[in-house]
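Quick note on our numbering: the sequence shown kicks off at 644 and runs consecutively.
Hints are not guaranteed to be accurate.
Cut-off 27 Å, straight-line C-alpha distance, at most; resulting in silico cross-link-like pairs (DSS-like, lysine-lysine) [unchecked claim]: (1) K648 / K730; (2) K648 / K686; (3) K684 / K808; (4) K730 / K686; (5) K684 / K706; (6) K686 / K706.
Each pair of labels, with its calculated beta carbon distance range [as the list claims (entries may be wrong)]: (7) Q659 / Y734: 17 to 23 Å; (8) D792 / E652: 36 to 42 Å; (9) K684 / E652: 19 to 25 Å; (10) L720 / Q784: 38 to 44 Å; (11) K648 / C746: 23 to 29 Å; (12) F658 / R745: 14 to 20 Å.
These are computed hints drawn from the structure, not numbers from a lab.
Note that the structure is a prediction, hence the values are computed from the model and not measured.
Built from N, CA and C at the ideal position, the CB exists for glycine as well.
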Amino acid sequence: METPKLPTEQFGEYFQNVYEPAEDTFLLLDALEQDLESIIKLKPLICLEIGSGSGTVITSLAKTLGPNECFYLATDLNSQALECTRKCFQYNTDTDNVHSIRCDLSRAFRSRLLPDLILFNPPYNDLNRPNGLAYLVALEQNRIDEIIDRAQQVGFLCRRMLSRKCGIEKLSILRFEHNQCDFN
């Protein structure tokens with residue numbers, strides 16, 4: 644997956660108040676690239692990035708899948724982040740097909756929208772479609788084994804896709820999908 648361009652002369656002003664792409668962003672992009680075959684096979688119609696920041700992740704995915712192949716949604720509490728996301732998407736895809744909503748996590752969508760693909764978000768059983776995927780950036784201190792165990796207890800298949808030491812932090816990308824087993 645190609646990382647979007649964020650030229651300083653056009654985006655530098657945002658990074659005083661918007662999370663600039665860093666190691667955790669690139670680790671998530673690497674995990675998405677590693678799992679791209681599954682994502683393409685899923686044929687997502689709705690992709691939701693929660694906490695879009697600069698827009699790097701959702702834009703990279705749109706560049707890979709096609710900017711008009713999916714309904715792209717981005718949420719953030721920071722209005723400057725949403726502006727940066729829209730600008731990043733438009734600058735890198737020549738379209739404005741990202742819809743940005745100022746809200747906390749995904750509260751604006753619960754019970755109204757079931758995305759096929761959630762980015763940068765812990766899993767929610769009532770949020771994503773039964774065959775959807777979710778990716779989570781987690782610190783080692785978050786007790787990753789417990790996250791995986793709990794996710795499996797509530798019906799997800801969960802695995803650690805990638806881990807990387809980033810400065811003083813050890814980050815991992817966890818991949819969640821609904822368990823398709825029949826428990827009857």
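*Find the hints from earlier in the document that the structure breaks and name them by number, from lowest to highest.*
Violated hints (numbers, rising): 3, 8, 9, 10; every other hint is consistent with the structure.
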